[in-house]
Amino acid sequence: KAGVTQTPRYLIKTRGQQVTLSCSPISGHRSVSWYQQTPGQGLQFLFEYFSETQRNKGNFPGRFSGRQFSNSRSEMNVSTLELGDSALYLCASRQTGGNTEAFFGQGTRLTVV
Amino acid sequence: DQQVKQNSPSLSVQEGRISILNCDYTNSMFDYFLWYKKYPAEGPTFLISISSIKDKNEDGRFTVFLNKSAKHLSLHIVPSQPGDSAVYFCAASDGNKLVFGAGTILRVKS
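Note that the protein sequences, when read in sequence, are chains A and B.
Numbered continuously in our numbering, the first sequence closes out at residue 113.
Numbered continuously in our numbering, the second sequence closes out at residue 110.
Hint data in this document are derived by calculation from the structure and do not stem from the laboratory.
Please note that a few of the clues may not be correct.
Cβ-Cβ distance ranges computed for the label pairs, FRET-style [what the hints assert, rightly or not]:
id, chain 1, residue 1, chain 2, residue 2, range
1, A, Ser79, B, Asn57, 41 to 47 angstroms
2, B, Pro79, A, Pro8, 37 to 43 angstroms
3, B, Ser110, A, Gln41, 29 to 35 angstroms
4, B, Gln14, A, Arg73, 41 to 47 angstroms
5, B, Ser69, A, Tyr10, 44 to 50 angstroms
6, B, Lys54, A, Arg67, 35 to 41 angstroms
7, B, Asn67, A, Asn77, 40 to 46 angstroms
8, B, Ala41, A, Asn56, 24 to 30 angstroms
9, B, Ala70, A, Ser27, 36 to 42 angstroms
10, A, Gln54, B, Asn57, 44 to 50 angstroms
11, A, Gln54, B, Gln2, 20 to 26 angstroms
Yeah, the Cβ is synthetic: ideal placement off N, Cα and C, and Gly gets one too.
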């Protein structure tokens with residue numbers, strides 16, 4: 001069974017630009033969550049999608065948005081990039097949204113210059 | 001508002017000894033707890049979990065203990081091996097959202 005796939009692995013963008021990251025969950029998993037990891041900040045929760053609906057949202061500005069498609073693939077978009085958006089963005093999939101373990105992709109390393 | 005806290009940013013342990021990683025939580029609605037291990041440039045990998053109806057769960061060298069009254073959980077690794085050197089995250093779920101701590105860097109010295 002293929003794991004969680006995130007593309008691209010690395011990305012360099014300029015301040016003010018926008019970026020779209022992609023995540024393909026494990027087959028059969030309907031929940032996809034996005035996290036931002038910066039040094040010393042752990043994994044900050046961005047949002048979770050379940051069956052194409054955003055079910056939970058973290059404390060991030062509206063510049064961060066996402067969506068989920070009918071095949072459970074998810075995209076995350078960040079508009080008007082700031083230097084502080086430089087981070088590792090991780091996607092995690094779960095079979096359902098309940099008390100089950102989440103499986104992570106390798107992440108997308110975004111650098112904003 | 002940090003609902004899941006890992007107060008030790010780092011821990012150094014000698015190979016063969018026990019590693020104890022700690023985690024505290026504040027939300028009493030959390031009823032499922034997990035530990036993840038992360039190497040640089042990789043996504044976190046699931047290690048072990050525990051439901052709030054239990055106070056201990058073992059898997060090989062890894063044991064997780066849960067003290068609900070203290071809202072505290074810990075991960076014991078015995079014996080510690082150099083390959084265990086990584087960042088360890090604890091996470092808690094209320095059946096909905098999964099919340100992570102800031103992580104603890106474990107270094108196992110040979």
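A quick look at each hint next to the structure:
{"no.": "1", "hint": "A:Ser79 / B:Asn57: 41 to 47 angstroms", "result": "holds (43 angstroms)"}
{"no.": "2", "hint": "B:Pro79 / A:Pro8: 37 to 43 angstroms", "result": "holds (39 angstroms)"}
{"no.": "3", "hint": "B:Ser110 / A:Gln41: 29 to 35 angstroms", "result": "holds (30 angstroms)"}
{"no.": "4", "hint": "B:Gln14 / A:Arg73: 41 to 47 angstroms", "result": "holds (45 angstroms)"}
{"no.": "5", "hint": "B:Ser69 / A:Tyr10: 44 to 50 angstroms", "result": "holds (45 angstroms)"}
{"no.": "6", "hint": "B:Lys54 / A:Arg67: 35 to 41 angstroms", "result": "holds (37 angstroms)"}
{"no.": "7", "hint": "B:Asn67 / A:Asn77: 40 to 46 angstroms", "result": "holds (41 angstroms)"}
{"no.": "8", "hint": "B:Ala41 / A:Asn56: 24 to 30 angstroms", "result": "holds (27 angstroms)"}
{"no.": "9", "hint": "B:Ala70 / A:Ser27: 36 to 42 angstroms", "result": "holds (40 angstroms)"}
{"no.": "10", "hint": "A:Gln54 / B:Asn57: 44 to 50 angstroms", "result": "violated (32 angstroms)"}
{"no.": "11", "hint": "A:Gln54 / B:Gln2: 20 to 26 angstroms", "result": "holds (23 angstroms)"}
Checked against the numbered hints given earlier, the structure breaks only hint 10 and satisfies all the rest.
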